[in-house]
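A.B. asks: One-letter residues, chain by chain:
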Amino acid sequence: MILLQVVVGGLLLGAVYALFSSGLTLIWGMMNVVNFAHGDFVMLAMYVAFLGYTVLGLGPAWFIPLAAAVMFLFGLLVYFALIRHVSRGPMLAQILSTFGLALLLRYSAFWVFSANFVTLPDTLVGGNFAIGGLRLQASRLVAGATALLLTIGLDLLLTRTALGGRLLAVAEDRAAAQLVGIRPDRMQALAWGIGAASTGIAGGLIALFFYISPTVGESLALIAFVTVCLGGFGSVPGALLAGLAIGVIESLSAYLIGPVYQDVVVYALFVLVLWVRPQGLLGRA
Amino acid sequence: MPNVRRRLLLLAGLLAAPSLPVIAPPAAAEDTVKIGVIEPLSGGAASAGQAIKAALELGTEIVNTPYPDMQGLPLAAGTGFPGLGGRKLELDYADNQGSPAVGQNQALRLITQDHVVALFGAYQSGITLTTSAVAERYGIPFLAPESVATNLTERGFKWFFRTTPIGPDIARAYIGFVLDQRKQGRKIDSVAIVNDTTEYGTSIAEVIKKQADAEGVKVTQNVTYNVNATDVSSQVLQLKQASPDLVIFISYTSDAILYARTMKNLDYRPPIVIGDDSGFSDPSFIESVGDLVQGAINRSAFAPGRPGTLSYKMNALYHQRFGRDLDETSARSLQGFFVLVDAINRAGSTDPGKIQAALRATDMKPAQLFTGYNGVKFDDKGQNTESAMLLTQLQGKDYVAVWPQAEATGSLQLPYAGWK
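Protein sequences, first through last, are from chains A and B. Numbering that gives the first Met the number 0 numbers the first residue of the first sequence as 0 and each following residue consecutively. Numbering that gives the first Met the number 0 numbers the first residue of the second sequence as 0 and each following residue consecutively.
Hint data in this document are derived by calculation from the structure and do not stem from the laboratory. Hints may contain errors.
Quick list of simulated restraints, FRET-style, between CB atoms [said to hold, decoys possible]: (1) A:Y106 <-> B:R108: 11 to 21 Å; (2) A:Y106 <-> B:D113: 17 to 27 Å; (3) A:L148 <-> B:N221: 36 to 46 Å.
Far from chain B, by Cβ distances over 10 Å, these chain A residues were calculated [unchecked claim]: (4) F79; (5) P89; (6) M90; (7) L95; (8) R159; (9) V270.
Covered, in the sense of this in silico footprint (three residues per stretch, anywhere, with C-beta under 8 Å from a C-beta of chain A), are these stretches of chain B [what the hints assert, rightly or not]: (10) 214–227; (11) 232–239; (12) 277–287.
For every residue, glycine included, the Cβ atom is placed at its ideal position computed from N, Cα and C.
Use the sequences and the hints to build the structure in full.
C.D. replies: Here you go:
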């Protein structure tokens with residue numbers, strides 16, 4: 000029974016990792032730009048959700064879309080103000096610019112929100128309940144379900160719509176896309192907007208059960224990069240699969256071997272998988 | 000003999016000087032006494048670091064402007080350092096970012112570029128370890144007011160001084176409490192220790208285990224985890240499975256918050272919970288999840304106490320300025336700060352060697368302190384031999400002194416209530 004609880008807990012945790020990584024893999028896949036500020040985007044979204052709750056008195060059904068909308072606009076802003084300029088420069092400039100953006104966001108958050116940890120009440124979406132001895136947390140279930148829906152939604156958007164086709168065309172060959180009448184600038188801005196909006200949804204959901212602080216992105220960002228690598232660069236379903244796998248492996252190894260060894264197990268498997276499949280689980284070679 | 004007349008005039012001037020109401024400030028801005036302060040102003044422990052910084056700002060103001068109300072407190076009555084001709088104090092803050100390597104670089108910068116006369120910090124024991132090594136190399140006094148890992152004062156350093164109670168003191172208090180509870184008929188046969196893998200977590204867990212062994216208390220489980228965990232469900236399930244009579248958490252704030260929430264989610268309430276200082280004492284921990292950990296037992300070297308006492312007045316000043324009570328960790332920091340400035344004043348010089356000698360000669364009495372230490376006196380390892388603490392329990396939004404009985408201001412409430 001307790002093992003089942005560990006596995007279910009791991010799946011729900013993994014869904015959060017997947018949720019957290021979706022925006023990163025999208026921007027990576029669309030633009031070949033590694034957004035090192037990803038964790039801090041999520042941190043920002045968590046604060047938007049927190050302010051939505053405390054200042055505007057909104058419930059989760061409103062503050063999560065609000066966070067998505069704010070982050071969409073923020074994504075556009077980042078694209079036009081920063082990415083568009085540095086993407087013409089060398090690779091190193093791109094990497095350092097998003098890294099700089101991460102620090103800017105983090106320390107701005109320190110300045111505005113102070114270093115204190117804050118939390119949303121843990122009863123916003125129904126609290127806890129037990130099914131046949133299995134204890135579940137409504138907020139994590141909602142987060143898990145949303146992660147699934149968001150993954151499917153993003154995948155459908157990319158593979159089944161004309162917009163997705165245009166986005167992928169720009170990612171494939173910018174010049175050729177331009178020749179057939181697609182405006183690459185607009186598509187890439189949109190990719191950033193959508194990527195950032197999904198961090199908005201992720202941040203809003205994670206804020207329901209995690210603490211919020213200016214450095215929260217730091218704690219979660221590493222796992223996001225691992226998830227994206229393991230799933231395959233740019234593959235949204237891959238990120239979901241990898242997230243779930245990491246969640247379950249972490250929880251099981253923490254319970255069976257000891258929490259201090261969970262990272263050893265996860266990263267050993269990570270290296271092993273990349274050794275066999277360098278493109279990741281669902282990535283294209 | 001014009002020479003004698005000039006000397007007489009000078010003498011008269013000197014004698015008259017103290018009675019003059021206002022003289023031009025004797026010290027110009029560049030003439031301040033600079034102390035380097037290394038604290039976690041960002042990173043996972045930033046909330047604690049910022050609270051400490053706030054307390055030190057108040058401390059600086061008390062030194063630099065007259066606070067005649069704070070009788071007994073060193074340097075409160077006058078302006079600046081009387082022993083250095085009234086020169087004012089300036090704190091030079093550096094952010095350790097929660098990283099031992101960053102702390103080390105900051106220490107180097109403060110010493111070689113900013114020419115600070117002493118270093119102060121650095122909250123996390125693991126960072127105090129690296130930063131104080133730099134101070135030792137350069138021969139600059141280092142005062143550690145918060146870090147409790149035992150080995151810090153076991154290195155034979157000549158420039159390292161520590162005011163806080165340390166690992167063995169803490170272990171003695173916790174195990175003493177356990178024995179006392181047993182005597183009163185409470186069953187405590189199994190103890191679990193939950194700690195992170197930082198210097199702080201491992202060293203405190205180690206000394207508690209040692210003390211428990213020596214006193215015949217069985218530590219049946221030790222759950223170690225990596226700091227800044229993303230999830231602690233497995234840890235809590237392990238505890239729930241073993242169901243020990245007492246769980247001791249040694250965690251920084253971020254993880255302490257996750258434990259508080261996860262224990263509620265998984266409906267786990269051990270009979271007794273001890274939450275060792277750092278995370279459980281952070282004001283933002285109490286603010287955000289305090290109502291989920293009611294009855295958690297903690298250690299404390301500070302309680303505001305009765306009106307009229309120095310501790311009460313210090314808390315009132317802090318409250319007036321920052322709108323909240325002085326927390327335990329910041330209180331220990333501020334206490335260490337006053338020990339350091341007092342030593343600099345007695346040294347009458349900014350020469351590091353003289354400050355080191357003054358620190359060695361420190362002998363402060365309870366009437367000069369606002370924490371519950373029995374005094375401040377350093378042994379040849381640099382450890383304060385007179386430090387002391389009591390145990391408190393979270394009841395509502397406040398920690399109430401509950402043990403030892405003689406110093407209790409509230410009654411111990413067991414079993415642990417958690418979120419009920």
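A.B. asks: For which of the previously enumerated hints does the structure constitute a violation, in increasing order of number?
C.D. replies: No hint contradicted; all consistent.
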